[in-house]
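Using the sequences plus the hints, can you model the full thing?
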Amino acid sequence: MDSRPDPKAVLLELQRLKAQNERLRQELADRERNLRARENQASNDSPAETLEPPTPHQEMSDLATSDAISRAQEPASTSYSDTRTADSTSTSGAPLETAPAQSKAPAQSSPPAFLQFPSHAATEREAAQVITAAPASSGATQASVQKGRQGAAAPTVEQAETPLDIVFVSAEVAPWSKTGGLGDVVGSLPIALAARGHRVMVIAPRYMNGKSDKLYEGAFDTGCRVNLDMGACGQQEVAFFHQHSDHVDWVFVDHPSYHRPGNPYQDENGVFGDNQFRYALLSLAACEAPLQLNIGGFRSGEPPGFPYGDKVVFVANDWHAGLVPSYIAGRYRRAGVYKDARCIFAIHNLSHQGVEPAASFGNFGLPDDWYDPLSWEYPSWASINGPAVNILKGALVASDRIVTVSQGYAWEITTPEGGWGLHGVLQARQHVLNGITNGVDTTEWDPETDAHTAASFSPADLRGKAECKAALQAELGFEVNHEVPLIGWIGRLDHQKGPDVALDAIPGLAARGCQFVMLGSGDAEYENAMRAAEAQHPASFRGWVGFSVPVAHRIIAGCDILLMPSRFEPCGLNQLFAMRYGTIPIAHATGGLRDTIQDYSPYASDDAGKGTGWTFSPPDAAAMLRAVDAALEVRWHRPDEWQAIMRNGMTADLSWNRAALQYEQIFSWALMDQPVRPW
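For the sequence shown, counting from 1, position 439 maps to 439 in my numbering; every step adds exactly one.
Bear in mind the hints are in silico, worked out from the structure with no lab data behind them. Be a bit skeptical, because a hint or two may be false.
Simulated pairs of lysine to any residue, SDA-like, Cα-Cα distance not exceeding 20 Å [claimed, not checked]: (1) 311 to 567; (2) 339 to 621; (3) 311 to 339.
Derived DEER-like restraints, expressed as beta-carbon distance ranges [claimed, not checked]: (4) 213 to 385: 32 to 42 Å; (5) 386 to 267: 22 to 32 Å; (6) 639 to 220: 54 to 64 Å; (7) 536 to 270: 33 to 43 Å.
By construction, the Cβ of each residue, glycine as well, lies at the ideal position given by its N, Cα and C atoms.
Structure, rendered in structure tokens:
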């Protein structure tokens, strides 16, 4: 009789021990940092509170070389006159002299944060124009901010009554990969849920593009290899890499199709032709990970390193993870697996749907009778005609619950105007459709600790806001005058974001005595228009073509008003950043902008009823200028009410914990219902 141990059992035991060792190392490191923090506080006579220790996830981001990150962030042109460096020179190329500011620690040398643009580009081809960066919703930025927060106590988070096992699946996750809002959400919401006591796994591709490779150095190879049946594409072997930080299991799927230059979706030659296969592979790998990986963290009363198992709640994000609900319902439940699991599908931008010709259905490895939930017909205006498969449509049909990133957008996508051809499907499932507004990383976006701004300020002491404005005016070469309204626009230069509306308003803003700055890159037509407008209005307009993280923070902190004339906006984050810094948003009343901005009312009986900004409609320059007039009237003639509006925004609960509570309610409803059976 062969007495040799089973190789598979030995491998599983090694994986379990490796995961246990990683967890213990993490706990020891956290305890050591807490001890050092308490010692530092005691020596500084600070209150007996502990600093939130930077985790290995944060340390990895902080130690990743700035060169790799900055190269990913540098646009082709980073100056508003094509002669100014992105961060430190004037239109003439001479160093800028900023206005005096209150005493503040110098900026840290850790990798810079990346300003969150509200959503994806309108098409994946346009997504290349979004600057791929390494944001640090929970990583580098959080670590660098904490360096300047001596004595600050970590907030106390209430624990969930019923801890769940939650698995997020996404094509992007910050700080490892990001082209838009999706990466920020998936990099932040899981941390908020884990802080409430849930066990959370996030699954995303391990992109090896030559620029972001170092960001994955903190993830170790689990040794687990799984062969996936991809139908006509045959058996595909994937590997799993794991990093535990912020109490979250970050899992990266490794496959040769993720090893190529460019951003997650395309390179300089255009959109990758095999994206449908790459993300079908991600979806199927994500279904296997909770069953195969012994990285389940730690829960009281259970051994460390146990798998998540099949009683989990999946949160599949956008079309890239849209086959997760279809695989769960069409393959696994039929085999008796994941019978108690639930699938939540999160829509961040409905315009991306994963549509390919019908013949590609065979590449998914789904049963033949699953074709109908994904069946689609190309619209008459499309360059391709005939039958197709629509991955996002299949997700809407097969998911137990559907979530989008604002209540306003949840309604808009059920209309013919906002449904991108799927309004009928969404109307049929409206009873399981909810909107939850995204949160803000309140450590990265904090006017009291922001290392990029000239001065610190808070709702209780707004003096630093004026210093930030004076410094920004000097940096831009404007007249330094507190009485002159300073207005900003930040975004991707494409039709959705309304840069043409902002450009059309330049003469009107100049006539009103305003200074106006636009920061963004994208469509060359808009970039050239910004340059031309600056030449025509040198005293009142600056068009900063490109992107600079520090400048984005300084615009948010220094402006009086932020304009957001987006034609549609699933959620939007710039308005939340602005509110956090006491900058008044004026936005088109659409989607998440309408949800998050409370219109000012001069007849409200208390400050809380006086709003946080102004909205307008339709999205054109005339309507926007009318809203600007209303705002300027309050600023000039009722300064006390203007400050009340500022404080309303600064004190609003914009945290991810608020969003996490609402997601918990969605999970609870999904678990109360029977799993969907679309077949």
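Now for the hints, and whether the structure bears them out:
1. 311 to 567: 41 Å, violated
2. 339 to 621: 53 Å, violated
3. 311 to 339: Roughly 8 Å between the alpha carbons, so the hint for residue 311 and residue 339 holds.
4. 213 to 385: 32 to 42 Å: 41 Å, holds
5. 386 to 267: 22 to 32 Å: 28 Å, holds
6. 639 to 220: 54 to 64 Å: 57 Å, holds
7. 536 to 270: 33 to 43 Å: At 34 Å between Cβs, range holds.
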